[in-house]
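Numbering (the working numbering), first residue to last: 5 to 330.
In short, the hints are calculated from the structure, not lab data. Some clues are possibly wrong.
As the list claims (entries may be wrong) - Across the chosen pairs, the derived CB separations fall in these ranges:
#	residue 1	residue 2	range
1	Gly214	Trp323	22 to 30 Å
2	Met5	Arg206	26 to 34 Å
3	Met292	Trp193	35 to 43 Å
4	Ser113	Arg325	24 to 32 Å
5	Glu315	Glu289	27 to 35 Å
The beta carbon of each residue, even a glycine, is placed where N, CA and C say it ideally should be.
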Amino acid sequence: MIKKIAVTGAAGFIGSNLCEGLLERGYQVAGVDNLSMGSLKNLEDCQKAKSFEFIKEDVRNADAINTICADADVIVHLAAYKIPRYGKATDTLLINNEGTKNILEAAKSRQTKVVLASTSDVYGKNPNLPFSEESDLVIGPSTVSRWSYAVSKLFDEHLAFAYQDAYGIPVSVMRFFGGYGPHQNLTWWGGPQSVFIGAILRGQPMEIHGDGSQTRSFTYVSDHVDGIIRIVENERANGEIFNLGSTHEITILDLANLLHKLIRGDSEPLLKFTPYASFTGKPYEDVMRRVPDISKAQNLLGFNWKVSLEEGLTKTIAWQRAEEKL
C-alpha cells in the first residue's frame, strides 16, 4: 500500500503541480529541490498541508537522498537540468546522470518503485510519426550540444532498466510532451508558449525560431499530473515506458497566432523571425515535428489528455498575467 511518495524537483513546474495532486489524493509527500530552478512560491499551497514536507537538497548528494527516500513507498524523479540551447552541456549530462544514479541507489535496499521523468526529445529526428514507445530514437551528431539533454535522459532510461534487471527495482519511465500551465518557467526554459505570452502582454514581438513551421504537441499540466499518478498507482506500469501528452499537433507559428488572438483579439500579431544560427552561434538542429502515440497509456492506464489547447492556454494566460502583474 502506497502511503508516502518522494518527489524530486518538487518546486519546479511539473513537480509542484504533482505535489498538489498527490496531496489531494491523501498521500504523504516529501518534496525535494535545491531551488536552482524551482521556487518555494510554487509550493505555497502544499506547505499548508501537514502531510507535506519540503527538503532543500541536491539530488547529487547521495547520502541525503538515501536518507530522504528511506521511508518512501514510491520515488518520482523529476529533478533534471534541461536542454542546453545556449551551452552548459556539461551540467546537463553530469547533473542528470548523477542524480538518477543516486535515486536508483536509494531505491535498492527497499525495492522502492521509481517513476522516472524522461522527455519526448529522445525521439530526436525520427521522421515516422506519431512516436510510439517502440519507435527508433534518432539522435543527431555529438558535436551539436542541443542533443545532450536527450542523450542524458536516454542514458537515465537505460540505467533505470539496468537497475531493474540487476536488483529487481520496479521502474517506470514517462516521456513528457510539451507541458504548460501554472508554475511554468517564464523563460525559454519553460517553452515557447510562456515566452510568447509574456511578449504579447508587454506589447513586444514574439521571437519565432526559424520559419515557425516546426510542430509540437502541447499538454496542459493537469493532464501530465493525471498520467503520473496513474503510473504511480498502477502495478501494470512497472517496467514500462509511457508517452504522456496531447496528440493535438500545432506549428509554432500557429501557436503564436493563437496566443495573440486569445490575448489581443484580431489585431495584427508582432512577430520576429530569428534564424537558428543567429541565436546559438553554433550548429543547431531542431526537431521539425513531434506528436505522440498514446495508445499504450490509454490501454494500460486509462490515460487520456482532457484539456484542449485553447482552454489550457486561456487558463495559463490568466495565471501568467497575474504572476507577472501585466
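Against the structure, the hints:
The hinted window of 22 to 30 Å between Gly214 and Trp323 holds, with their beta carbons roughly 28 Å apart. Met5 and Arg206 have their C-beta atoms about 50 Å apart, which leaves the hinted 26 to 34 Å range violated. Our hint of 35 to 43 Å for Met292 and Trp193 is violated, since their Cβ atoms are close to 21 Å apart. Checking the proposed 24 to 32 Å range against Ser113 and Arg325 shows it is violated: the Cβ atoms sit about 47 Å from each other.
Evaluation of the 27 to 35 Å hint for Glu315 and Glu289 yields a pass: the beta carbon distance comes to about 33 Å.
Against the hints set out earlier in the document, violations occur for numbers 2, 3 and 4.
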